[in-house]
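**Student:** Sequence:
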Amino acid sequence: MYCRPKRSILIAIVLNKQLIVSCLSKISLRTASTTTADGTLKPDKQTHHESPNQQVNTGILLLNMGGPETTDDVYDFLNRLFSDRDIIPLPAQKTLGPLIARRRTPSIQEQYAKIGGGSPIKMWTEKQGEGMVKILDQISPSTAPHKYYVGFRYVKPLTEMALDAIEKDRPRRVVAFTQYPQYSCSTTGSSLNAIARYYNSKTKSSKTDLNSSTSSATQSPYNNPEWSVIDRWQTHPGFIQAFVENIKSELNKFPADIRNDVVILFSAHSLPMSVVNRGDPYPAEVAATVQAVMESLNFSNPYRLVWQSKVGPSAWLGCATDDAIKGLAKNNRRHILLVPIAFTSDHIETLHELDIEYSQHLATSVGVEMIRRCSSLNDSPLFIKAMADIVHKHLHSQRRHTNQLPLRCPGCVNASCEQMRKFFCPSS
Numbered sequence: 006m007y008c009r010p011k012r013s014i015l016i017a018i019v020l021n022k023q024l025i026v027s028c029l030s031k032i033s034l035r036t037a038s039t040t041t042a043d044g045t046l047k048p049d050k051q052t053h054h055e056s057p058n059q060q061v062n063t064g065i066l067l068l069n070m071g072g073p074e075t076t077d078d079v080y081d082f083l084n085r086l087f088s089d090r091d092i093i094p095l096p097a098q099k100t101l102g103p104l105i106a107r108r109r110t111p112s113i114q115e116q117y118a119k120i121g122g123g124s125p126i127k128m129w130t131e132k133q134g135e136g137m138v139k140i141l142d143q144i145s146p147s148t149a150p151h152k153y154y155v156g157f158r159y160v161k162p163l164t165e166m167a168l169d170a171i172e173k174d175r176p177r178r179v180v181a182f183t184q185y186p187q188y189s190c191s192t193t194g195s196s197l198n199a200i201a202r203y204y205n206s207k208t209k210s211s212k213t214d215l216n217s218s219t220s221s222a223t224q225s226p227y228n229n230p231e232w233s234v235i236d237r238w239q240t241h242p243g244f245i246q247a248f249v250e251n252i253k254s255e256l257n258k259f260p261a262d263i264r265n266d267v268v269i270l271f272s273a274h275s276l277p278m279s280v281v282n283r284g285d286p287y288p289a290e291v292a293a294t295v296q297a298v299m300e301s302l303n304f305s306n307p308y309r310l311v312w313q314s315k316v317g318p319s320a321w322l323g324c325a326t327d328d329a330i331k332g333l334a335k336n337n338r339r340h341i342l343l344v345p346i347a348f349t350s351d352h353i354e355t356l357h358e359l360d361i362e363y364s365q366h367l368a369t370s371v372g373v374e375m376i377r378r379c380s381s382l383n384d385s386p387l388f389i390k391a392m393a394d395i396v397h398k399h400l401h402s403q404r405r406h407t408n409q410l411p412l413r414c415p416g417c418v419n420a421s422c423e424q425m426r427k428f429f430c431p432s433s
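Residues are numbered in this note's numbering as their position in the sequence shown, beginning at 1, plus a constant of 5.
If you are wondering where the hints come from, they were derived from the structure by calculation, not from laboratory data. There may be inaccurate statements among the hints.
[Claimed, not checked] Cut-off 30 Å, straight-line C-alpha distance, at most; resulting in silico cross-link-like pairs (DSS-like, lysine-lysine):
(1) Lys207 / Lys152
(2) Lys398 / Lys253
(3) Lys253 / Lys139
(4) Lys173 / Lys207
(5) Lys335 / Lys253
(6) Lys173 / Lys132
(7) Lys427 / Lys152
(8) Lys132 / Lys398
(9) Lys152 / Lys390
Please work from the sequences and hints to get the whole structure.
**Tutor:** Listed below in structure tokens is the structure:
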């Protein structure tokens, strides 16, 4: 039989709950941070208490290429990829792009089927974003609450979809945070171009509506949030250290007597020489990452920077990763460690190209005795901490971009690059 509790008991329970909540609120007051001498993050004096219904103060848009989540998504992914002149310039692009995508879809679907049916890049990006904003809310209350958004160029959530979500939330400030550590016009540049096009289109649409006889007299022009961009971070100490720890862990899996002779092949996504010869900074920035990693390893092993994922018959950066494996085996260097140095998470280029095509099939066929692939950064605590540190320093630097971003490639022929720089670098 149910007995109603006495009113005095209910009041006591409510008061106790309020007291507990009050105490917990005081405990949860968060402080901003500074970086200590050893590189760790230390809270600042300012405090912040986050409310679940609190307006987003800082939006962080994580930019990447993306990958199809299922085999059914492959054609749309390839169609957008081959239709983007920023990454793969083709003659008669509107015709050839869909044609190439249609022709390549079956073979690419087979590759995704072998790695579980789809790309895990969205999953890893979300894990990275969740971990990053959790740290940022603790170490940077003056810019909190933070919210991450995922913007992919070629699959959902598309960059434009992420921008729609940002416009709905209306954060005070938005940071475009490229997930390509090394800048290229074909990758980060393409994503930034998409953002600029989105807002330029909105601005034009707003002006048209204002001039329309049917528009409201009270309608105001489209207002952009305060934007800044983290356009490259190829030598950030935390990023480098995350790679160093993964490499050390993988090297320890080789027999001790041959460990120091293992050849480290740093493999990065290749780039057409037509893009490189225009002055794209990507090769130099990837090389800077490799140099920083090897310095941290005290140059413990012989190494080379090689390039993977070439598409089409035109000239691309070399030496190609597969050619390097063949050449090393021919020269009797049969112990190899592959390091995906330009990727921040696993996707088709690591799980299929490096793990299956090169490590399982190619290496065996040319006589490599032992080949391993270094783990991708994925949800590495060191890497997620590095992401938070990169954003934290950017937010408190009062800089909208690096000094490199305003500089177009000397041989640039893309009008979108100029429009993008007007958006992100208006005073440069």
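**Student:** Does each hint fit the structure? Answer for all of them.
**Tutor:** Now for the hints, and whether the structure bears them out:
1. Lys207 / Lys152: Holds - the C-alpha atoms of Lys152 and Lys207 are around 23 Å apart, at most 30 Å.
2. Lys398 / Lys253: Roughly 28 Å between the alpha carbons, so the hint for Lys398 and Lys253 holds.
3. Lys253 / Lys139: holds, 28 Å
4. Lys173 / Lys207: It holds: about 14 Å lies between the C-alpha atoms, which stays within 30 Å.
5. Lys335 / Lys253: holds, 26 Å
6. Lys173 / Lys132: holds, 23 Å
7. Lys427 / Lys152: Status holds; Cα separation ~26 Å.
8. Lys132 / Lys398: Roughly 21 Å between the alpha carbons, so the hint for Lys132 and Lys398 holds.
9. Lys152 / Lys390: holds, 16 Å
Hint compliance for this structure: no hint is broken.
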